[in-house]
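Here is what each chain is made of, one letter per residue.
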Amino acid sequence: MGQSITVTVNGTVHTAEVEPRTLLVHFLREQLNLTGTHIGCDTSTCGCCTVHLDGDTILACSTLAVQCDGSEVRTVEGLQADDGALHPIQQAFHENHGLQCGFCTPGMMMAALGVIEQQPDASDDEIREALEGNLCRCTGYQNIVASVRAAADQMARS
Amino acid sequence: MAVDYTTQTTGGIGDAVLRKEDRKFVTGEGRYVDDLKLPAMLHAVFVRSPFGHARITAIDTSAALALPGVHAVLTHATLPVETGVLSASNPGGDVRHPEQAILAKEFARYAGEPVAMVIADDRYIARDGADLVHVDYDPLPVVVDAEKALEPGAPLVHAEYDSNLVKTLEHVTDGFDDAMAKAARVIKLRVDNQRVTPMPMETRGCIGDWSDSTGEVTLYTSTQVAHFVRTFVSIVCGTSEAKVRVVTPDVGGGFGAKLNTYREEFAVCAASHAVGRPIKWIEDRTENAVATIHGRAQVQYYEAGVDDNGRIVALKFDAVQNNGAYNMLLTPSISHLTLFMVPGLYDIQDISIRIRQTFTNTTPTDAYRGAGRPEATHGIERLMDAIADDLGIDAAEVRRRNFIQPEQFPYSSATGLIYDSGEYEANLDKALELSDYAGFPARRAESEQNGKHRGIGLSTYVEVCGLAPSAVTAALGIGAPGWEHSTVRLHPTGKATVITGTSPHGQGHATSWSQITQTELGIPFDDVEVIHGDTAFQPYGLGTYGSRSLAVGGIALYRSLGKVREKARELAAHLLECSIDDLEWTGTAWQVKGSPDRAKTIQELAYAGWTSASLPEGIEPVLEATTFHDPPNFTFPNGTHVCEVEIDPETGRIEILNYTAVDDCGNVINPLIVDGQVHGGIIQGLGQALFEETVYGEDGQMLTPTLVEYLVPSAADVPPMTLSRTVTPSPSNPLGVKGIGEAGTIGASAAIVNAAVDALSGLGIRHLEMPMQPGRVWKAMQEATS
Amino acid sequence: MIPSTLEYTKARSIDEALAAVAAGARPLAGGMSLLPMMRLRLASPGAVVDLGGVPELVGVCEDGDELAVGAMTTHRAIANDPLIARHCHVVAQAAAGVGSMTIRNRGTIGGSLAHADPHGDLPAAILAAGGAVIVRGPGGERRVDVGDLITSYLTTTIADDELITQVRLPKDAAQSAYAKFHRRAIDWSIIGVGVSIGADGVRAAATGVGERPMRLTGFESVLDGGGSLEAAIARAAEGLSPTADLDGSTEYKQHLVGVLAARAYAEASSR
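Protein chains in written order, with our numbering: chain A, 1 to 158; chain B, 1 to 786; chain C, 1 to 271.
Looking at chain A on its own, in the form it has when it is part of the complex:
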């Protein structure tokens, strides 16, 4: 019952057979071994699985892999520059202690990039509002907000 799909993930074209019910997050994790995208809930509430689909932030656990045929997906593994330099959002999370256990971090950063793209001048309150769909149980969010603010500033400068 496999269905053939072609998805460009982090710039690499992948053609694969998937069961139609395969969730995008499982396709990424199990078939492409891109395990940086995590699963934290069953209900589209936690945001751990946030990736970019054709430039928009989406939930990889609430999307079928077959829906992404012909699309481009970007995951946390696609953030670093070719020379290994951290993306400003990664650097900012590190420099502002925006992570503890690290489990929500990939989804949080991918969502934050969506926030920065839509509202590059977002205030701290607006950053908080825009991250409403991403749960973190460790940081209390204070340093996450600082991280996103710092990344937005850095990305605006460069």
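Because the hints were derived from the structure by calculation, they are not lab data. Small disclaimer: the values here were computed from a predicted structure and weren't measured. Glycine included, C-beta positions come from ideal geometry on N, C-alpha and C. Check each hint, because a few of them may be wrong.
What the hints assert, rightly or not - Covered stretches of chain B, as calculated for chain C (at least 3 residues, CB under 8 angstroms):
no.	region
1	17 to 29
2	252 to 264
3	279 to 287
4	712 to 720
Claimed, not checked - Just the calculated beta-carbon pair ranges, DEER-fashion:
no.	chain 1	residue 1	chain 2	residue 2	range
5	B	Pro-492	A	Asn-33	32 to 40 angstroms
6	C	Ala-96	B	Arg-766	36 to 44 angstroms
7	B	Leu-36	A	Asp-125	35 to 43 angstroms
8	C	Ser-44	A	Asn-33	27 to 35 angstroms
9	C	Cys-61	B	Gly-764	53 to 61 angstroms
10	A	Asp-153	C	Ala-96	23 to 31 angstroms
11	B	Ala-40	C	Gly-59	48 to 56 angstroms
12	A	Asp-153	B	Glu-241	47 to 55 angstroms
13	B	Glu-170	C	Ala-234	53 to 61 angstroms
Position chains B and C against the provided structure of chain A, taking the given hints into account.
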């Protein structure tokens, strides 16, 4: 943020060093258990009881077994284990410990109890197979409320006992009755510390890999306590502990949820043995809500005997603790921690405590961030406000009048603890100043003009941390010690390997332990590798819980570093041809006093120790040392949290306007990490105060099984926080550290509730239960004004 | 967390989509409600037809005195659309408040209406605006007022072989607003109220008040009769009996209907 520091990329004790752990996590290269794949690995899904209480009359696995890709369906009858789940907790020695079979034997006693295990090629097929397992249940009467469970005639969770009572903990001081009789007034308060769920963002998960040829069992599991798991897997699965290796990969948060040994961990090992292939199980979030321990669930009745000045002269505490359907690893000990901390940081010597623990048809409760101590703090801090209110004394003042004073340390509490150090009033003063407590009336008046109720609330807390002196844990009926292990090994290249028995899951031990190593041994931060979480590398360890890692594990490290340094000194004296008394430690080298040209760096000494070309007599090769550190006492972090809220009278919504926390965790290794712990802790306490509650229907159904109903707050739902510190070093350990992992949670909930009650005090409201959801607050306002 | 086995087709046109639903496939719009239900196995459609490949179902344009909104237009697009912002603010405002950013990027207006969650914001906002949907099936197109679309919990008058293709929003709903109340930012509304002040009078509708969104007829009639806002608020929850649950009692929710109606009305009036 009130604490100022500049971050740096390397450093020693006290520096705000950026974490060396971060890079793998921000690049997606963290390795959590679900990221691991073993050759030939199969996947398990558990079939769980949909009933809160039922007799299992038949299990038909044939349809599931017929599904292509399903390899096995195991039940109690076929899973090869020797015993059920074990508990390490027996306070008082006569706790009821009913059998908790790995897969339900004849009865299911809570919704979510595992009944069967489907093993298949992948998790999709396993899930399909689980739907095809047909279990016949004969539903039985259910009791979910702890107080109702103690009533005569309540349904029995375990029919082999004559009641649902697990254990009664009691502690009454000799002078209590006299003191209470002399009290000028008695203030009573009932507090319901509701059931909550830890909800780490990574659910639990494990992979069992049992090798038939060697008999070795490797269990990869998301846990805080790898060594406990190893011991218990060997017992439950009937194999030598020396054959069991437990590997803890990166762990996505624990908060006590992973301070346990769970049925699924035993089941994947036993099933791997039965099937002959590695078996992975990853918990769904809806599964996590029922299959992983819950926390709190304690109903408290306070009676404070008070003199005319607001001094508590006698305190009575009577509580019912909902243990759930079974005792997990430490369940009966959690409310024992409450018992210890009932008096809080107040000088109350006449006390009467009774805590009755009960079985109910609910998921077992156990340690959740703070574990028994938040319950004690929340209650006594609500009580202090009730006393202040009753006597018309300011909330800060009533606390001052009851504080243990600095000159009373070391202080013997009425519950038998020796508090190490603290300056509670100085800490309070700092918090009041930072939060502009004095300026509150003007702010309240402003809010009133805008039609809002404004309130300010305090919580002053002390917690018992650094678990634990082993003699004490033994005396408390905990079947495990409290020491911690470390090994420090210097390589010939001068790099250091630090092996620790602590088991971090977000706390940044690799960074903090490297800082301690740089300061104490002169090995640069970047040259230190910290190894944890694999029983193959650690002789033994206890793990990370109870704010113990630094105060116990950090001291084990400190002592190993000292041993290495002293061994290096003997070597240096030998090589420099002088007496060890002629040497001084420069921080990075041993040198002849006053002669910088006659010195050996620690790296040179590491090399010399490895080559062993010329060693002093009686000295073994290699600079390496191991320590098993058993702490002489607990540590007692403390602090003050101040919360200011505004309440919308139309909707009952509480908005937090200002939140200030001043914590005293003793000396600080890394202020960045300490602040991060406090931030996260406060928001978990806030979650309990405003949003979170694990709710069961009367029929035993879980009504909050997903993150849609169980309200873990997001960034949009919580305020920024202002943090500061006072420092009274702990005299119990050479680093003067106390612990910070649980402080935020312990301090937060009472500050928030006290603020809300203060806001509504003008309406005559004296108490609010948690979570203070808008509907509940609005109802209280309606009842107060009608 | 694993959906049941299913067949998947991606429609490239409305006709292809109609053929698929006629053959029993369940329409998959943004999937923000359907996918979680499938993962929890609360829904196990044997086949789905993905509407994400039908360009004519996406976009907003003016059509006479109405706006024609493609059923697959996302919440984000609706929240940011200048035509909807100008002519039918209540719907833009409601769309901006649905779920989270990631959900608004995928979730669609047609999906919200067809899913008919009793706490959904868009059905109530569109009801307040006086909108309708265009439903296409084997027999052609029909127009259904939103008030006649949703009949009860997760149930609509759309037949299994029909699809919502378009949402029609009136252009005279500029003076309108949506006020919602929920616990966390991401949560469904406990109660949400849309109010539109048009030439024909006040229209108000609420979500969270029963099995389907309901007009606040008492509130409307007081205001249309020249009564005071206070009097209108007092009758806002008339005839409504929202179910008590973990969020609050029936009385609390009835009270919230009044509070939110007043807030939405005040905001609409100020526009």
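Any of the earlier hints contradicted here, and which numbers? 1, 2
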